[in-house]
Amino acid sequence: MYRYDEFDHQLVGERVKQFRGQVERRVSGELTEDAFKPLRLMNGVYLQLHAYMLRVAIPYGTLSSKQMRMQAHIARKYDRGYGHFTTRQNIQFNWPALDKIPDLLEELATVEMHAIQTSGNCIRNVTSDQYAAAIDGEIEDPRIISEIIRQWSTFHPEFTYLPRKFKIAVTGHDNDRAAIKLHDIGIVIKQNELGDVGYEIHVGGGQGRTPFIAKKMADFVPKAQLLAYLEAVMRVYNMLGRRDNSYKARIKIMVHETGEVEMRRLIEAEFAKIDASQMLAVPQAEIDRISAYFASPEFENLPATSATLDAAQAQDADFARWVRANVVAHKQHGYGIVNISLKPIGGVPGDATDVQMEAVADLAERYSFDEIRVTHEQNLVLPHIRLDDLKTVYDALNAHELATANLGLISDTIACPGLDYCNLANARSIPLAQEISERFADLDQQYDIGELKIKISGCINACGHHHVGHIGILGVDKKGTEFYQISLGGSADENASIGTITGRAFTEETIVDAIETVVTTYTDMRQTDERFIDTYRRVGLDPFKERLYAE
Amino acid sequence: MPNEYQLMKDGALCQDEWIYADEEVGLSDAPSIISLSRLKAEADVLRARNAKLGVQLLADGNGKTKLGEDVQELEPYLDMLSLVSIAFPTYRNGRGFSAARVLREQFNFDGELRASGEVLHDQWAMMRRCGITAFELAPSVSLETFSDAMGELTDAYQPAADDQRGALWQRHK
Ligand code: HEM
Ligand code: SF4
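Just so you know, the protein sequences line up as chains A and B, in that order. The working numbering applies: residue 1039 is where the first sequence begins, and numbers increase by one. The working numbering applies: residue 3 is where the second sequence begins, and numbers increase by one.
Everything hinted at is true.
Stretch-level coverage of chain B by chain A, calculated; a stretch enters the list once three of its residues show a Cβ under 8 Å from a Cβ in chain A:
no., segment
1, 84-96
2, 103-112
3, 125-132
4, 151-160
5, 166-174
Calculated directly from the structure, the hints in this document are not laboratory data. We put the beta carbon where it would ideally sit given N, CA and C, even for glycine.
Pulled out of the complex, with its shape left as it was, chain B reads as follows (with noise of 0.2 Å):
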């Protein structure tokens, strides 16, 4: 699934150590990254696999279903996961922010969270502050460029799932 990127992860480019798993291949023992239908179909086994398992969120559900996937749907299994992909198909189609938040905020979900799929400019630093710590960019975009943009807005109006309190908040510290 993956196209050509470079992965920018708490803001530094790095080597991605994860893979994202042939379907039809048995796993290997290197970092995999799995739909959301084989980790509900291979659960029990997964569980006893021992290496870090990721999984792959989508957001037009590949035509299977019109809104793309639940997240609520990965709540039994976030015990096994160390990753969380959010696709984002087009960068018109936001849904993957609020999967983020919930994933955060209301799992408490402390692994990786990225975004893959097309993604703007000026959508980085918005995703940063939904929880999402790594992006997977297009090799044209350089670390300066994305340094940049994180800084454009210093701060923010609101909460969300980062350590910014939002300025009706921190008004009255």
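With the rest of the complex left out, here is chain A (with noise of 0.2 Å):
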């Protein structure tokens, strides 16, 4: 893992010296709200309707065991006794009262975390693959360069009143776990034919009110050129990108206006610019001190298999269907990746309290090279899990409510926080997820339909990612009562697609049962082996629009 040195350590030092000061110039009345707004939401602090709330950010979803256990003190000094895990990769405090919130900073500043930039119209946290160093069939680890990115874009002083928030996402896999293609810039880690490693950029997707998937502005750009470009990017969309309309402010909106030739144009010629000074090429020394941190653990050298394992799956059937549905193949025989999912059956989606946190980042220290990871599915991921300690790390989970075996399944729903907490939405979102899981409990007949991706907004914003939803539910209002628009074949890997409404909405009563047909309408024409998305892909919407409006 990154370890700050004294460069970093200073920096946010005197940052949060800086907000210590703003903060006190608020309380005192020095600083009205309005002149205080920009500064609280550049340290991470937004004014939601009863109180501040904190987003603290995780660069590229990378946590330590001491990260963790500095989560779950946070949680119970400042906060309710637990945090929420964002689909940002970030976790998030609801409750710190805001005289407090330097204190907070400067504990966490200890463990070399802060929550700079986790809001704003600035350059966000960067986000990446939850499976990074893990995964068999990556190019590089992507944390590397995310490392730089999120260096670069630190305090950038030119980036940091941009039009709106700007988010880059990082992968090093062919499979997209970090959803690049929604991002203001995706990255894919490449590798050309000479064996160099470069980078594929895909410029201006997003979510909200209009959704777009990425235009890919450039094939292959050189390591050493990386910056320059992503500059030259950054400085057309801060030129160029409307401030007459927030919600035509992002670089999707640009993208789409200008269209992609000509924004492709614009970005070379100011790449061009840029890259001719060489200003903002990494030394390689630097490149390499980076990379030493994220060097691999020492793994042991393990049979492919585990007797443990195996004798252990035969004798406890929750433990196996556990295994089947959360544990994925590490690159490394004898490891796997253990997926914990905060989406129990009935729960509150990405919620943890801070004895869960102190128990994986416990799980962390012992079992996991000290690793943990945060993923955009609002999921904890301990990385490197020897297939002989699965069992006990999952009985440690397990005791914790940490266990719940619906990695990818119905229940593992993402959900926005919705008219119970937001005062944009138009309709509940956690209580329909809540709903949607209890209807669909049974784990096994969740495992036979297999891979399926609910995602609930409760309004068209999209927090909830329902537009890249295989199944995405839309709040929408009428005349006051709660109304559900489900959309179908969205997602948001690398094969990314927007989905397609279905027709008419549904009313809170009815909107489960539809849910169910679509499910049933899926499971009645399946080939063997067919995921959902994949046959949506193949039928196409009308079989399933005959069934939910059939009379």
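Take each chain as given, in its own frame, and dock them per the hints.
Here's what the structure looks like:
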């Protein structure tokens, strides 16, 4: 994992001190809420309906056990005993008191963490693949370049007051788990015919009220030129992006209105000018220094299978089910990637208590080379667990209600806060996620249905990613009553697509039945081993529509 | 155009020798800041004028364009200009940060770059990093407040238009 040097410590420390001054000026009344707003937003502090909320950055979703324990400590000391893992691989605390936030940030800084640039119209926390350095077939650990981007974009003097927020995601694998095509910039690490590593760049993806899949802007940007290329994209956007209407201010709208070809021309012209100075070519010695922090853990030489594991699976059907659903093949023989579902049947997606966080930290320290990952689907990962240890890890997770065996299944829903918490909502999201998971509570049935991603947003802002759900559910408002619109066929992976709306919306009473109808339509039509999304792509919307709207 | 302001230049409060010229009236011999449209229209005459000339780059285009004026348009006139005043219509509009860097780094402009309009406390240091050397500040801002704000962040992660190289480079001098 990356460790701060004096430089990083100094910058973060100075920022905490600066923010303490700003908070003091706000509390004393010297700063009005209006003047304070841009300052607190730069430091991850939002004002919700009733309280301030703090969003802590977890760069590219990687945490050590010490850092996870700090989250538990913060949840206990400054919040109400829990934190919320978000779709941005961050953690959110909902109830810190404003005058205590500088103390909180100071404690965070002791474990090399901060809340910088988790809000505001700046370059946000870089996100990446939760299986980085654990999955087979990766070209390079995406966290190396993510860390370089993190540093380059932190307190960037030119790009901190952009037209709108700006999100960058990186993957080093052909199977995209970072939803890179739904980001302002998505980066795919590639290798060319000469064996050189470089980057394929996608620009202009996003969700919200006008969803777009990003356009591929460059096939291969050589390693040394990446920051120059990124700076070119940012400058073109900062100069020419719209500021007259916040709904049209994201780069996705600029790419759409300008056109892909012209956009590429603008970026390349700026890139040529910036690159000529060589100012942004990171020295190889620095790349090596950062890479060293991400050196592979010292894995043991183990056989590909484990007799201990086989025996435990034979004895314990629940454990076997969990292994089947939540454990993913590791690149190293004898190890597995463990997914910890934060979607217990009937629970709130993404929430974890202080005690649960500490339990995960203990397991990471003992069994996973001290590493934890946060996923954009609001789950956690222990990336390097020996197959021999799986049962022990499972038992410990189970004791803390962290062993739900539903990864990627119908109850592994993303849901936004919705009407229960959010003043923009049309409808409730969390209770609907809970009802759906209860309707399909039988895990064997879920497993039979197979990979199926339901994503729920309470309004068109799409915080719950409904546009890219295999089944997307959107809360709409009709004369003060909650209605739900269904869309099908969305996807956030390497074959990203925006879902298509089925037709008229469903009521609170009929929406869960409608979801069940969609599911049975699929199971009736699927061919052997065909996933929901593949069946949908083969048969199209019509069969689903017929069944949903049959009189 | 300018409201009441005090000029902070190169870290000190000073008398502003410049005036924002009245668009309707012929220019005096005083150092004068004019609009981009006037600069373009009267370039030939202005080139013959024997006094300092500055231009103001508008960020919101006064309704003329959605985006505001394009820094690229200044390129043909740089030899005539001793000052560019970059307007920040609200603190949220950070377009001028890019204009400043383009002027310094791509056009090698070495005259005065000043920020006018609504600029926040913690933007001063960032503006300086982008090559802005003078600030039109509200009269209530003290020199002490300004100096403190400038000193709040001593190092930088990335290069810009100042002489800091950025951590990624500096670690390997
Ligand atoms: C309860 C308070 C919340 C409010 C008022 C809120 C508001 C919004 C708004 C207005 C947008 C649209 C922004 C745009 O299109 O530019 C948005 C987008 C988004 N929000 Fe939220 N949100 C809330 C909570 C959350 C939470 C808890 C999460 C994470 C779990 C989240 C994740 C997102 C994401 C991923 C987007 C999409 C960004 C994109 O377009 O790429 N939001 N939110
Ligand atoms: S999608 Fe709408 S309802 Fe849900 S959190 Fe975002 S703004 Fe609120």
